[in-house]
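Protein chains in written order, with numbering that gives the first Met the number 0: chain S, 0 to 215; chain U, 0 to 333.
Heads up, some of the hints might be wrong.
Claimed, not checked - Only pairs whose alpha carbons sit at most 25 angstroms apart, straight line, appear in this in silico DSS-like list of lysine-lysine:
| no. | chain 1 | residue 1 | chain 2 | residue 2 |
| --- | --- | --- | --- | --- |
| 1 | U | K44 | S | K100 |
| 2 | U | K230 | U | K66 |
| 3 | U | K259 | U | K230 |
| 4 | U | K7 | U | K187 |
| 5 | U | K73 | U | K187 |
| 6 | U | K7 | S | K73 |
Unchecked claim - If you want the ones that stay clear, here's a sample from chain U, every Cβ over 10 angstroms from chain S, calculated:
| no. | residue |
| --- | --- |
| 7 | R20 |
| 8 | N63 |
| 9 | D69 |
| 10 | P223 |
| 11 | S292 |
| 12 | R320 |
Bear in mind the hints are in silico, worked out from the structure with no lab data behind them.
Values in this document were obtained by computation on a predicted structure and should not be read as measured data.
Using N, Cα and C, we set each Cβ at its ideal position, and we do this for glycine too.
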Amino acid sequence: MADEKKLGADEEESRFPGRVSRRSALWQLGAGGVAATTYPLVSSAQTLPGTKGSDTDEAMIADAIPVTLRVNGKLLSLQVDPRTTLLDCLRESAMLTGTKKGCDHGQCGACTVHVNGRRVNSCLSFAAMHENDEITTIEGLGQPGNLHPMQASFVEHDGYQCGYCTSGQIMSAVALLKEPCGPADADVKELMSGNICRCGAYPNIVAAIQQVRQRA
Amino acid sequence: MDTFRFIKARDVSHAVQEASRSTTAQQGAEIRFVAGGTTLLDLMKLEVERPSQVIDINHLPLGNVEKLPDGRLKIGALVRNFDLAHHAIVQSEYSVLSQALLAGASAQLRNMATTAGNLLQRTRCVYFRNTALACNKREPGSGCSAIDGDNRTLAILGTSSSCIATNPSDMNVALTALEATIHIQNKKGERSIPIDDFFAVPGSTPQHENVLEPGDLITYVTLPASRPGTKSVYLKLRDRASYEFALASAAVVADVVDSKFNRVRIALGGVGTKPWRSREAEQALEGRAVGQSVFREAAAAALHGARPHSENGFKIELARRCLAYALTLATTAA
Chain S
0 MADEKKLGAD
10 EEESRFPGRV
20 SRRSALWQLG
30 AGGVAATTYP
40 LVSSAQTLPG
50 TKGSDTDEAM
60 IADAIPVTLR
70 VNGKLLSLQV
80 DPRTTLLDCL
90 RESAMLTGTK
100 KGCDHGQCGA
110 CTVHVNGRRV
120 NSCLSFAAMH
130 ENDEITTIEG
140 LGQPGNLHPM
150 QASFVEHDGY
160 QCGYCTSGQI
170 MSAVALLKEP
180 CGPADADVKE
190 LMSGNICRCG
200 AYPNIVAAIQ
210 QVRQRA
Chain U
0 MDTFRFIKAR
10 DVSHAVQEAS
20 RSTTAQQGAE
30 IRFVAGGTTL
40 LDLMKLEVER
50 PSQVIDINHL
60 PLGNVEKLPD
70 GRLKIGALVR
80 NFDLAHHAIV
90 QSEYSVLSQA
100 LLAGASAQLR
110 NMATTAGNLL
120 QRTRCVYFRN
130 TALACNKREP
140 GSGCSAIDGD
150 NRTLAILGTS
160 SSCIATNPSD
170 MNVALTALEA
180 TIHIQNKKGE
190 RSIPIDDFFA
200 VPGSTPQHEN
210 VLEPGDLITY
220 VTLPASRPGT
230 KSVYLKLRDR
240 ASYEFALASA
250 AVVADVVDSK
260 FNRVRIALGG
270 VGTKPWRSRE
280 AEQALEGRAV
290 GQSVFREAAA
300 AALHGARPHS
310 ENGFKIELAR
320 RCLAYALTLA
330 TTAA
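Turn these sequences into a full structure, and let the hints guide you.
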């Protein structure tokens with residue numbers, strides 16, 4: 000797993016010209032389809048690189064407001080529908096799809112990111128509420144070849160199966176390191192209860208977190 | 000498509016001015032304040048709330064906890080649940096509040112949710128949250144699907160033939176036992192309301208959950224000065240060990256002198272249409288010697304007026320045992 004190099008969409012495109020990756024296919028679909036039908040908390044319908052905005056897109060951003068976000072140390076200036084959640088903004092405008100949408104109601108934790116160093120559910124926040132905040136997503140935590148110790152520990156302990164909840168679990172676990180938390184596994188379970196794993200990888204997730212805590 | 004406007008409040012008077020244009024501050028308000036967003040965005044996605052304007056109040060200077068010269072504790076409306084739960088004064092002098100906050104929601108939600116937002120947390124009744132179903136709270140006059148429906152988690156105290164929805168907050172139960180005061184600012188000035196008068200029982204108007212009027216902004220909450228030697232406990236019973244709403248909970252704030260209750264305040268959660276202050280239980284305890292039979296008497300008095308529905312009759316005995324055990328913990332805690 001560790002030496003299997005993962006390719007970003009751009010890198011994949013340059014190595015395999017013309018090949019349509021699963022991710023780029025979904026992005027194309029999202030540009031024309033999903034954004035036009037999501038309601039009432041619409042995604043921002045920001046025109047994607049390489050796509051031409053349709054009439055529907057333009058109509059939907061008629062009341063757009065400018066929002067400047069600092070994500071993973073970079074400033075992003077975006078035009079978003081004011082109802083856009085931080086989650087949709089990160090995924091569909093900033094194209095940072097490492098943050099996942101699970102329940103979209105603050106019940107599952109898949110969308111966990113850090114705002115000013117604290118873990119939050121990005122699905123329950125308007126993007127426009129976060130100007131001047133420092134936002135960190137899983138992409139800002141580590142990269143293949145340079146993993147954050149928590150990412151490496153999740154790999155080592157097999158702290159996932161399908162992987163959908165994993166970025167939220169890891170963001171939550173990294174924030175936990177700075178919070179008051181007792182030494183026992185039960186203490187970790189209590190403070191990780193906002194992250195649901197339907198594959199049931201909990202014992203391995205707790206082991207991964209405890210290893211990082213013990214080494215810190 | 001609905002029109003929608005998002006503005007940032009420059010100061011308290013700007014926030015209050017903007018919000019006073021709404022025709023109601025209750026269910027269905029056209030203008031809403033947003034702080035943590037954890038209730039509002041959830042309900043907007045469900046179309047239970049459809050405001051045309053949202054006012055971001057996150058930058059108002061309402062984020063401090065401070066001890067006042069007279070000994071009261073002043074808690075700003077925007078203090079996050081995490082910060083309040085871990086505040087040194089709250090932990091040492093108002094432990095019940097810290098315990099209740101940490102028993103609620105998840106770490107992520109506690110980082111977002113605010114004091115005032117938690118006060119205004121909405122019921123988890125499944126009929127309230129589903130616009131396809133009848134609910135007098137959401138759509139006055141449409142009927143209550145819960146009374147003969149899925150009501151296992153719903154209220155047994157303070158109910159009416161219109162509504163049996165439970166107030167879901169843990170924090171509110173602790174604040175009720177601590178006799179908190181809610182401070183509200185509007186265009187005309189400021190007013191203060193004891194927490195027990197702030198919340199309304201549903202009666203025939205379940206859409207009115209509290210005293211707030213258009214343009215009212217909760218600015219802070221105060222707690223009476225703590226009394227040396229007071230013991231306090233929050234006990235929460237639920238379907239799973241963490242990240243779940245209470246089926247029954249109890250907040251106890253007790254002064255015990257020479258093994259007798261000198262002054263005691265009791266509130267129940269998970270069983271009432273509002274955070275449930277039980278003066279009946281308090282009266283059963285005042286002046287009495289600490290002991291299991293007195294605890295059981297007080298618990299029976301607290302649930303005396305309870306009205307069960309098709310699936311939630313178990314809550315009567317559960318709440319009794321919850322209160323009796325909370326009293327045990329409060330009188331044996333170090």
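Of the numbered hints stated earlier in the document, which are not met by this structure? Those not satisfied: there are none.
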